[in-house]
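Construct the entire structure; sequences and hints are all you get.
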Amino acid sequence: MNRYPWWKYAILAITLLVGLVYTLPNFFGEAPAVQVSSAKATLKVDAALVPRIEQVLVGAGIKPDFVQLEGSSVRARFFDTDTQIKAKDAITKALNPEADNPSYIVALNLVSRSPAWLSRAHAMPMYLGLDLRGGVHFLMQVDMKSALTKRAESLTGDIRTLLREKNIRHAGVRRDGNTVELRFREAATLTTARNLLSDQMPDLAWAESSDGAELKLVGTLKPEAARRVQDQALKQNITTLHNRVNELGVAEPVIAQQGVDRVVVQLPGVQDTAKAKDIIGRTATLELRMVNDSTEAQEALRGNGPVPFGSDRFVERGGAPLIVFRQVQLTGENLTDAQPGFDGQTQEPAVHLTLDAKGSRVFRDLTRENIGKRMAILLFEKGKGEVVTAPVIRSEIGGGRVQISGRMTTTEAADVSLLLRAGSLAAPMEIIEERTIGPSLGAENITKGFNSVLYGFIAIAVFMCLYYMVFGVFSTLALAFNLLLLIALLSMLQATLTLPGIAAIALVLGMAIDSNVLINERVREELRGGAAPQQAISVGYERAFGTIFDSNITTLIAGLALLAFGSGPVRGFAVVHCLGILTSMLSSVMFSRGLVNLWYGRQKRLKGVSIGQVWKPAPPAGPTRPAVKA
Amino acid sequence: MEFFRIRRDIRFMRHAMVLNAISFITFAAAVFFIATRGLHLSVEFTGGTLVEVEYAQTADINRTRANVEALGLGEVQVQKFGTSRDVLIRMPVRGEVKQAELSSRVFEALCSAEQGRTSIKQYTTPQGEQVSRPACDAAGGEPVTLKRTEFVGPSVGAELYENGAYALLATIAGIMMYLAFRFEWKFAVAGIVANLHDVIIILGFFAFFQWEFSLAVLAAVLAVLGYSVNESVVIFDRVRESFRKYRKMSTSETIDHAITSTISRTVITHGSTLMMVVSMLVFGGPTLFYFALALTIGILFGIYSSVFVAAAIVMWLGVKREDLVKTTTGRDVDPDDPNAGAVV
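As given, the protein sequences belong to chains A and B, one line each in that order. Just so you know, we're using my numbering here: the first sequence kicks off at 613 and counts up by one. Just so you know, we're using my numbering here: the second sequence kicks off at 474 and counts up by one.
Rather than coming from a laboratory, the hints here were simulated on the basis of the structure. Heads up, some of the hints might be wrong.
Calculated pairs, PhoX-like style, for lysine-lysine (alpha carbon to alpha carbon, straight line, at most 20 Å) [stated by the list, open to error]:
#1 K889(A) - K594(B)
#2 K594(B) - K887(A)
#3 K847(A) - K762(A)
Below is the structure:
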């Protein structure tokens, strides 16, 4: 009766094996490595970079453990730190010929020392949280109100242009908070305007009202449009942050959305919050200037003369130099959006720019006066300018909708629009939470967490083995199996392990032994009641299961509530807690039963089981003591 | 080895009055302390800035406090943290001070008090990781190092507080629903009352000693809530089983029997969980200390409340055999039932 079918043993064996494989990388420790990632939004790191880096290393006489592409970066692992630093210097020199304008970020990093076959099986060590590895954490709140205001402002400009184009006479268009207010003198014009606007401005919902003699038409952003605006603002801010954080040369920055309007930035290894904040908070500026095409300028380009007075020499993306006037015609403040797309007539790839009211006015005048000339859009970052694009003006452009097309591929169009957008934040951000953890504190936390688990485990193991003998050994093995599974699961999911997470591991182990105590006590009770050993084991496990299930459910309810409402450190605790409850169900019931079945199940005439002393009360029991046990 | 050699059922319910009086007094005291002293909420809940520094020598708390107070940041708390060299400085949110720069200002002040100058140190650890951190350079090395800083905006704090309350409510509602579904409403009420009593008592301890109540402690409280409900579940399970098996026993006798037969298991499981938690208390360091402490108190009171309080409440709510044992067929009808009559 205490036999498992072979497939149950097979499941257990496979689980054990998988658990072992995925836990293994955690034991190898970390090795020094060099990580190469892209420093520019337009440059993608791909597999082609791997042989290039290998070549550089061979040239420098350095032998790496491996060079491989992982996600969007290439990593090379080395035996010791000396080689690592030598390699970093060699790679930096080879990949970034211009030291002040790097294309690649070459950073020192740590990677798992585990053998290649484990990495190929995607078996990686647990991902440590900042409180265990040291670093800085920012939580930033995006000011969505200003994103909406900005959008309303640009819509106001669009409406003005639209009404003028269609010759609809209005008594004023203005923005009031996040709504657009139109005034009319006649009801008929209002109706025409309303029909036109409902058709052309799908983002706004219109309502009529009257204010004395004047008729008013009020447009409010539709909820879904507002949501889209907020979504885009958040995405753009994240993109911008990515570009900026790249400069810090952090090996594994985390920049992620949290909730509807928040962004988390985590920079492992950085404790210098001042510099980090400086870079995160910096604003890149976008400028529109005219290109100087005079003969002196042409001469200067050829290197035959000085750069003309009032002009500067810039390099266009892609390499060609340009002479550009110093006078700034427009700045990025007037640019509300830039999107890649296609030319309506030629179907060529294009970049569509949207300017606000002031921007469109200036742009119209500028284009009217400079037909046939070239303008340049420059991106200034860290005080250094780069010409993003320099198109020729073909005609007067009014209305604030600008299209740049010609000699562009679709990827180029996407890159240019990204650069134009990435220069600025869509909405201002404010740091609402900040944490720095020193590197020594991180290491200390790991040791302390590890020690708590270790000594607690030992104490429980010793007690269980003494109190329940062989069954105690089985319980201890089941507990060890639980720990193994939990660590394997955490490594597999690459869930972030924090100090509260380690505490949760300890707590889960302390709670998981509960199930085994329950089982052992039940078996003892059955033996006390006079059941045959095999019978006692079988009934004990069966009866205990209901209780184990109940108790795990209640614990799981608390865990899930924490997971749903917790944030930050509590989340880390909750994830491990919930996973641990699930693994403990498997280990304490199925795994320990498997061990018991293997040990005792085959013996037909089992005389006794080693479960410690089973004390039996003297026969004349008290009046309430039942005489017969079921 | 067998710790519990109980010959006959212990008449717990005979002392139900006394036991419940004890818990009621503890409970009332806890409520009193929470009401009068309040919880010492951590920076996570209140918002504010926290700086942990480590001195090369034993720290002089009063000097550190004087240095920080000289900055005029309002009510500043300075205390030792873990070892004698670690100092924790807490600062409240103040409108006029730029919170984001507070930690660096404090570190600068502490550093200059030690005749040092702050700078940014960049180096590669022996493991090969790049690190850049603010450091305090003085003649004799680094007299003080910045270990950790934390800044939480007031809005985040309020939100965490709210979410914590939601988590507690969700846990209570979830467990009650489960118990009601699994047993009977009387058990659900008894289980939740007993365990809320634990939660209040933990909070009472934190209020009385003014221990810091952080997010981690809240997690511990909820974990304890889920955990000690187990205990009630185990006893309720036994109560139901005993009702089925021993028809002649009265309700209080049945409950006594259920408690007696599970007491060994109760003490041993809580004991082993406690071993783990105490290990955390001893080896986990100052960060895990209050977390482990909350668990320790919770587990100790968990045993008491689920054994004595929950069962007694169930009894007083008037649980009957019929509540748990469905009398659907005539065979199952209690012959002693005065309402028993002719069965068609």
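Going down the list of hints, with the structure as the test:
| no. | hint | verdict |
| --- | --- | --- |
| 1 | K889(A) - K594(B) | holds, 17 Å |
| 2 | K594(B) - K887(A) | holds, 12 Å |
| 3 | K847(A) - K762(A) | holds, 16 Å |
In terms of the numbered hints stated before, the structure departs from none.
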